[in-house]
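S.K.: Given next are the chains, with one letter for each unit.
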Amino acid sequence: MKKQATRDAYGKALIELGHIHEDIVVLDADLSKSTKTAGFATEFPKRFINAGIAEQNMMGMAAGLATTGKTVFASSFAIFAAGRAFEQVRNSIAYANLNVKVCATHAGITVGEDGGSHQAVEDIAIMRSIPNMTVVVPSDGVSARKALFALYAYKGPAYLRLGRPTVPVLYEENLEFNLGKGIELKAGGDATLIACGIMVAMAQEAADKLAESGINVSVVDMHTIKPIDTDLIVKKAEETGAILTLEEHSIVGGLGGAVCEVVSEHYPVPVLRMGINDVFGQSGTPGDLLNYYNLNVSHIIQKVQDLLKKKRK
Amino acid sequence: LVEEVETKAKSIRRSIIKMLGLAGSGHTGGSLSAADILACLYFWEMQIDPHNPKWPDRDRFVLSKGHAAPVLYATLAEKGYFAKEKLETLRKLGSPLQGHPDMLKLAGVEASSGSLGQGISWAVGMALAGKMDDKSYRVYSMLGDGEIQEGMVWEALMAAAHYKLDNLLVFLDHNGLQIDGKITDVLSPEPVADKFRAFGFEVININGHDCTEIMQALEKGRQTKGKPTAIIAETIKGKGCSFMENQADWHGVAPNAEEVEKALAELG
Chain A
596 MKKQATRDAY GKALIELGHI HEDIVVLDAD LSKSTKTAGF ATEFPKRFIN
646 AGIAEQNMMG MAAGLATTGK TVFASSFAIF AAGRAFEQVR NSIAYANLNV
696 KVCATHAGIT VGEDGGSHQA VEDIAIMRSI PNMTVVVPSD GVSARKALFA
746 LYAYKGPAYL RLGRPTVPVL YEENLEFNLG KGIELKAGGD ATLIACGIMV
796 AMAQEAADKL AESGINVSVV DMHTIKPIDT DLIVKKAEET GAILTLEEHS
846 IVGGLGGAVC EVVSEHYPVP VLRMGINDVF GQSGTPGDLL NYYNLNVSHI
896 IQKVQDLLKK KRK
Chain B
12 LVEEVETKAK SIRRSIIKML GLAGSGHTGG SLSAADILAC LYFWEMQIDP
62 HNPKWPDRDR FVLSKGHAAP VLYATLAEKG YFAKEKLETL RKLGSPLQGH
112 PDMLKLAGVE ASSGSLGQGI SWAVGMALAG KMDDKSYRVY SMLGDGEIQE
162 GMVWEALMAA AHYKLDNLLV FLDHNGLQID GKITDVLSPE PVADKFRAFG
212 FEVININGHD CTEIMQALEK GRQTKGKPTA IIAETIKGKG CSFMENQADW
262 HGVAPNAEEV EKALAELG
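Sequence lines, in order, name chains A and B.
Going by our numbering, the first residue of the first sequence is number 596, and it counts up by one from there.
Going by our numbering, the first residue of the second sequence is number 12, and it counts up by one from there.
Okay, chain A solo, but in the shape it has when bound (with noise of 0.2 Å):
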């Protein structure tokens, strides 16, 4: 199987897009090599901008270049993007609408080795709550180049969720790619996994072993987190009667939260959220640390049997 980093995909992506679009600057906090900005700074010297290791004026920059009709591309890693700088990513490019996508790589536990203190497991809770921002989270190489493109066509701030290892390509290179849409990756009547990043791989893995028992449950790619694919959540809950939704982020605020809201609203069915169940991440490989926190298949596959008997006969 074809693997590929979501960080690598944007890296390359941004370099296509700096050939297409004179406007493109990029700027990085002294992780160009890591959040892979390194390709566009070699290729385009002139419009890359390397702020230092100082996260919060490279937002409070990225806000000052947007002014000017840049479309800005500001990138570090998760825990600094939508952590140390959350207040300049909401006071000086959300509120004033400005046209900076955050692009934020190493998000949640598969940082691995460095540990629970790099290891953002609370930024689509954080950036999901700041009005006027769109919150997207790719889950493979292919989506998350397509995400790249749609960014740059929505004028407006947003934030873009990558990730550091390797994980499986999914799509074809003709992907329809819709900011806002989920793709529904699976049928099945008997509940929904809406999954978004490295979850969704997964959730398709226990989809078919699932199906080989019998239980045939829908996937849903749900690569934007804001705005949420509404109608799309509301017909899973009504033909499938139960959901289950799945991010490498924590339980609190994110996708699953999201998910509840709309679905405590519109169309009560019963929900499980897996994900990083309100602790913080350690030291590990990913493989260890995703299976420590239990974000397995093996662990799906028990959720999903969990959830069905909840469901209202």
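These aren't lab readings, by the way, just hints derived from the structure by calculation.
These numbers come from a predicted model, not from an experiment.
Glycine included, each C-beta is placed from N, C-alpha and C at the ideal position.
Accuracy of the hints is not assured; some may be wrong.
Unchecked claim - No farther apart than 25 Å at their CA atoms in a straight line, the calculated lysine-lysine pairs in the DSS-like style are these:
{"id": "1", "chain 1": "B", "residue 1": "K95", "chain 2": "B", "residue 2": "K65"}
{"id": "2", "chain 1": "A", "residue 1": "K641", "chain 2": "B", "residue 2": "K273"}
{"id": "3", "chain 1": "A", "residue 1": "K641", "chain 2": "B", "residue 2": "K175"}
{"id": "4", "chain 1": "B", "residue 1": "K142", "chain 2": "A", "residue 2": "K641"}
{"id": "5", "chain 1": "B", "residue 1": "K97", "chain 2": "A", "residue 2": "K750"}
{"id": "6", "chain 1": "B", "residue 1": "K238", "chain 2": "A", "residue 2": "K641"}
{"id": "7", "chain 1": "B", "residue 1": "K90", "chain 2": "A", "residue 2": "K750"}
{"id": "8", "chain 1": "A", "residue 1": "K750", "chain 2": "A", "residue 2": "K781"}
{"id": "9", "chain 1": "A", "residue 1": "K750", "chain 2": "A", "residue 2": "K641"}
{"id": "10", "chain 1": "A", "residue 1": "K750", "chain 2": "B", "residue 2": "K142"}
{"id": "11", "chain 1": "B", "residue 1": "K146", "chain 2": "A", "residue 2": "K750"}
{"id": "12", "chain 1": "B", "residue 1": "K29", "chain 2": "B", "residue 2": "K65"}
{"id": "13", "chain 1": "B", "residue 1": "K90", "chain 2": "B", "residue 2": "K29"}
{"id": "14", "chain 1": "A", "residue 1": "K628", "chain 2": "A", "residue 2": "K597"}
{"id": "15", "chain 1": "B", "residue 1": "K238", "chain 2": "B", "residue 2": "K97"}
{"id": "16", "chain 1": "A", "residue 1": "K641", "chain 2": "B", "residue 2": "K146"}
Stated by the list, open to error - Covered, in the sense of this in silico footprint (three residues per stretch, anywhere, with C-beta under 8 Å from a C-beta of chain B), are these stretches of chain A:
{"id": "17", "stretch": "656 to 670"}
{"id": "18", "stretch": "680 to 693"}
Said to hold, decoys possible - Examples of chain A residues toward chain B, derived with CB under 10 Å:
{"id": "19", "residue": "L622"}
{"id": "20", "residue": "R642"}
{"id": "21", "residue": "I644"}
{"id": "22", "residue": "G647"}
{"id": "23", "residue": "I648"}
{"id": "24", "residue": "N652"}
{"id": "25", "residue": "M653"}
{"id": "26", "residue": "P763"}
Using the hints, position chain B against chain A.
M.R.: Same frame as chain A, but now just chain B:
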């Protein structure tokens, strides 16, 4: 010409007092301390067109100490960006004159500043864009001397010097007071001139209420190449109204009707 600018400064001060009196809240002291500098910028220095506020080649001013919004609004109205009557809506529901500047609501406002420390980063970003596009516009910003306690200010100053932004000029409104008292008692940022110099700025010390000195410093800033300029402007918080001058308590308080009368009488 200096007299003309001084007349504008007086008119700006009168507008500040009137609008704050009507608003019933807001930042009086730090608006008055900055009035002469804004008058010099908008009526002598900057290449701007109030009828074409989005002109791409315009000079830009970012009020990083955004709580002094009244001095910015009074100056913009004086310059003709909008009718002076609008000043009466300051801080009222639905007004384009928000408690802190909002660029989406009012033409002429270049940055939604006010969360201290952030405006200076916007100014650096605008100056970077100017260099990138070979534009000749200049970017001006004003920091408060309490504001520079914010760490990100120094990130921004470091970037300005690193990228040799000689199209950037920063005023420090050095009135010596912040909400809780003297800046040297709360958390001293001194010696400020040495710090700006150490951060790679051309530093000019002036009396921030002397329009001739302000203009000379602006002129010098335009001639400085290869590095940004900082003008350390010695100012008096509440300047122009004797009972407000050098009183930290007038940082975030608006005058009542009686105080408005008294202040306007003093300003003449």
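S.K.: Does each hint hold? Answer for all of them.
M.R.: Comparing the hints with the structure gives:
no. : hint                 : result
1   : K95(B) with K65(B)   : 20 Å, holds
2   : K641(A) with K273(B) : 56 Å, violated
3   : K641(A) with K175(B) : 14 Å, holds
4   : K142(B) with K641(A) : 10 Å, holds
5   : K97(B) with K750(A)  : 30 Å, violated
6   : K238(B) with K641(A) : 19 Å, holds
7   : K90(B) with K750(A)  : 31 Å, violated
8   : K750(A) with K781(A) : 32 Å, violated
9   : K750(A) with K641(A) : 23 Å, holds
10  : K750(A) with K142(B) : 24 Å, holds
11  : K146(B) with K750(A) : 24 Å, holds
12  : K29(B) with K65(B)   : 29 Å, violated
13  : K90(B) with K29(B)   : 17 Å, holds
14  : K628(A) with K597(A) : 23 Å, holds
15  : K238(B) with K97(B)  : 39 Å, violated
16  : K641(A) with K146(B) : 14 Å, holds
17  : 656 to 670           : holds (count 10)
18  : 680 to 693           : holds (count 7)
19  : L622                 : 9 Å, holds
20  : R642                 : 7 Å, holds
21  : I644                 : 6 Å, holds
22  : G647                 : 7 Å, holds
23  : I648                 : 9 Å, holds
24  : N652                 : 4 Å, holds
25  : M653                 : 8 Å, holds
26  : P763                 : 38 Å, violated
Going through the hint list in order, the structure does not satisfy hints 2, 5, 7, 8, 12, 15, 26.
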